[in-house]
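Q: As a plain string of letters, each chain reads:
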Amino acid sequence: MKAFSYLSAPDVATAVRAIADRPNAKFIGGGTNLVDLMREEIERPDTVIDITRLPLTEVEELPGGGVRIGALVRNSHLAANRLIRTRYPMLSQALLSGASGQLRNMATVGGNLLQRTRCLYFYDDAAACNKREPGSGCEAVGGFTRSHAVLGTSAACIATHPSDMCVALAALDATVVAESVRGERRIPISEFHLLPGERPDIETTLTADELITAVELPDVPVAATSRYRKVRDRASYAFALVSVAAALEVTGGTVSAVRLAMGGVAAKPWRAREAERLLLGGPADVESFRRAAATELAPAVAQPGNAFKIELAQRVIVATLAQLLAEGSAA
Amino acid sequence: MTQTQTQESPALPRAGRNVGKPIDRVDGKAKTTGAARFSAEYPYPGLAHAALVHATVGRGRIAGIDVTAAAAVPGVLTVITHLNAPPMKPPPPVSLLNLESLASATTVNYLNTDEVHWHGQPVGVVVAATLDAAVEAAALVRVSYEELPARVDFAAAEGRAKPQKGNALQPGESRKGDAEAALAAAPVSVDLRYTTPPHNHNALEPHATTAAWDGDRLTVHEGAQNIAWVRGHLAHKFGVPAQNVRVISPYVGGAFGGKTMIWPGTILAVLAARVTGRPVRLALTREGVYRTVGGRTPSIQRVALGANEDGRLTSLIHTSITRVGAVGGGPEQVTSQSRHLYDAENIFVQQNLVKLDLLSNTVMRAPGESIGTYALETAVDELASKLGMDPIELRMRNEPERNPLDGKRFAHRMLREAYARGAERFGWADRTPEPGSMRDGRWLIGMGVASAYHPSWQFAANVTVRLSADGTVVVRCGFHEMGMGGATAHAQITADALGVPFEAVRVEYGDSDLPTGPGAGGSGQTASVAASLLTACDKLKRSVLALARRSSGSPLRGVRPSGVEARDGGLYQAGAAGRGEAYAAILARAGRTSVEAQVGSETRMGALAGQVRFMSKLMLDRRRWVKAACGAQFCEVRVDPDTGEVRVSRWVGVFDVGTVINAKTAASQLRGGIVMGIGMALSEATLVDPRHGRIMNPSLAEYHVPVHADIPPIDVSWLNEPDPTMPLGLIGVGEVSITGAAAAIANAVHHATGRRVRDLPITLDALM
Amino acid sequence: MRRLHTVLADGERINSCLALAVQYADREITTIEGVGDADRMHPLQAAFVRNDGFQCGYCTSGQICSALGMLAEHDAGAPSAVTEHLAATSIELSDAEIRERMSGNLCRCGAYNGIVEAIKEGAR
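So the protein lines, in turn, are chains D, V and W. Each residue of the first sequence is one higher than the last, beginning at 1 in full-length UniProt numbering. Each residue of the second sequence is one higher than the last, beginning at 1 in full-length UniProt numbering. Each residue of the third sequence is one higher than the last, beginning at 1 in full-length UniProt numbering.
These are calculated hints, taken from the structure and not from any lab test. Please note that a few of the clues may not be correct.
[As the list claims (entries may be wrong)] Calculated cross-link-like contacts (lysine-lysine; reagent style DSBU-like; alpha-carbon spacing at most 30 Å):
#	chain 1	residue 1	chain 2	residue 2
1	V	Lys617	V	Lys539
2	W	Lys120	V	Lys29
3	V	Lys176	V	Lys408
4	V	Lys21	W	Lys120
5	V	Lys176	V	Lys386
6	W	Lys120	V	Lys664
7	V	Lys355	V	Lys162
8	V	Lys165	V	Lys21
9	V	Lys162	V	Lys176
Isolated chain D (complex conformation) (with noise of 0.2 Å):
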């Protein structure tokens, strides 16, 4: 690892100030993953300033009924959270099948909305990566691509966003809140991460001397009966190759709210509007959740390595809609 010069911020505005003065400087939270990638020479920052200490670590209740977590929150922490538990199951679902224990009681909230990508091809910097490189290339295509996306994919990068908690802040609204020395800036998730285009480098439109202070979360009543499911290729322990975050509420047979998003099958945690929008209003059935899945994953292309995925995604979606519907009348 390069060696770099460390300070450690008191406050949200000695931090966003150390950033602003210092070129190649990142923000350092839980660090899981960026001491990773800075083990693997992949970033290679002169300044890391530590977040740790700033006062972000509360998850409360906003007026209105959402709720506002601060960026420093662990995910563990918020994993288990009351009211995360019973108001969004989901996301504690999702929380809790990322990584391990142990990397949960490290990570953060800010710094999860911030992981990179897993491709093999990105982490090998022997390899190609316009990502990591910008302008070298895609080695990823023709490579091994099982864990790689097939919506919103480019020609210059096919990877995937790692994140669970981000499926599950797509389908639940989420507002990321970021402090610069310009001020506050709110960016709804849907806006915050970036699909690769030409610029796969680019991944948010965070910029360089924002901190992540806050994610709210708005009054999401059918969030209440909502799942999380992650398919994997090992039980625990591993990133998902299709998850799906879903809440559904139905009255009198017909779909009266869902929220529906994917991960583990774009840059970015996907939000299947598409499907949200055939299936509100519509008969509560497997048919109809059927329909809906295929029509979000109509335009998804494949590599020859993942093709099972734009399938996988489907039943994944149908089961656990089905789940969610079979729970709801059972209540």
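With chain D fixed as given, assemble chains V and W onto it according to the hints.
A: Using the frame of chain D, we list chains V and W on its own:
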């Protein structure tokens, strides 16, 4: 032969006080309190750290190396490349007459050549005062290459495979009758193709070497499966006498075959210490292990079976293709079990090889049989389906009385009993044969069986046993502890052989200053040490008895050795009320502080004679017997009908492994093999990019070994019937349980889903 | 010395290999040596020996520290990915719960059964 036999197998187990018992490991406290120290954890004053620079082409010549940026990193002591490395001797040519020559993992003389033979070959080593500086500088070394075409695509090389040349230990091909003709004529037959991917050992301790020179004497801390090979190889490479090299290896953080050969990191750590004049530690990163330590070869296999309507096999064909590296590696005995498991009228087995520009393949837990049983035992299940016959019944109909190929006797074979007991413990009778017929809620349930088979081995071992006047015993033997619990097992054996309490025995191991032990391989270490240990204990008892017999005050005066037994901390005339006395009393009267017995010689000639003796006994033994461990694997899987996710939910394994020395550690080893077999079946694969030969998943995040959540309770048991041709009747337990495991899962998956998956690993996409 | 270790920071389990030491300067770090030594073994350490919850021993320090952190998390009511009723206030520590919660600690020797048994015994 009878003479040798009795000497080497002094007694089949009497009901020993200790042998067979589930005794806690003697190193348990050290391992659970953090006191156990692994190779990268030895402090040395002035210790420097080394990091490797890996080639980024599959084959070529180094055109230029720029170390300017690397050398400028603060703390860097030196950057060693082929431009400035001192010469080392090339590895010795491989010969079965010099077993130590097998230690060379590759033929490359690292950093003494500008040639690159595989993607990841070390082309430089950076030595620095801190690990971080070494790693950072290694990333800054700029190497340019003159690239040469490299053959790296195993699947594409299939057509170029050549039959493997056989050797004394491993025939490449065998036949009985005309198997192809019998297959064509068989009323019922299957002819199937299976593939398995490359695997890596992934011992949790990455390879690490701490090396310190003192003049021309060298001390090396190294997690090794064969410290004698490490010592001999380093002595050869650096031109010093073997006795100048000491290899210390008391704890090995897992190995599974990966620490058998001498890989580049070991040599380059020693080189770095030589160049800098400082003690050097080279602890490989996980990626470094993948790039410089070989793994299991991939395979393409054909299994064809022909049978009569009653299930009697008329033809068995098993052929394989595996790979070796252009610079090293060896054939895998993929068809090994197919020579012994079924009584087919006609048999043809053949192993083929392709040579690729990749890192040498190497041994990994049950090399050959682990992947060979997958293909054979899945094919047998497929034949059973076709015959509409229970797969256990089909196996029992073809269970041979003698070795099918040549009629040799089995030293020991209780596969029938293993199946009978396993079926009962598992509840096989509750299985409904129709695929997809069993469910639990939404889960599809499948049950599968397969046979396990692994040949048993025994190697030369030098041992000394010293009995002190205080009644304590020290056993010294340079064997290896990677988790098998050897020290505990040998303390149990010694305690029973000498009639002393288990606690009175201390076992020293893992140090090349000790009498030369066997390598830890072929599941043969325990049997090998036990044979010499029992002989040494016999010699020791005779020496002690001789002291007593000469003494007028001893109740053993004049007593013949055959009439004496060791018990209660001394020697007593046979029979319950037999007179005798404690060792302490005998030694005290004779004025001795200790008595020692030795088996094997450490002199050059003695070692050579030992090796010749070992080889001739091995050959004689093999001419006479087929010796092996076997077993019956039963598993239950659950398959999610929506996603194809497979979860192993139950396991029963019953093994025929002769006498079990320690019920606790043997159970752990047997379970461990099954766990690795579950990984092999469902998730493990090393991804070698066919475009350039680079391994693309060199990490535990992307190479999926089983985690806690993947592993159900595993019920293992053994028949505990001694093998009369083995010391104490014991057969090794380290490898047999990985064999058959993947097939049992594949067969269970078929039972659950009706799908046959013939390419490992069985990932969910194959079942959707 | 970069063993892939789990250690406890103020009683919470973390991966030392991904931690920048300076970030944890004001937290109390407990390693396996702080859990108990040969003369004063922690009951969980003794349970690992009795149940043979290891073979080579390399991952053992991490398994034990992780198990201690895991048991504390469970005591505090934290759910896991296999907890069926997230809203429940008390969660039974079933084998499935232990296995899921311990899945961040790999054991290539495959001593998983023994580890689970040791944890159940040590938790009593």
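Q: Which numbered hints does this structure break?
A: Structure breaks hint 8 only.
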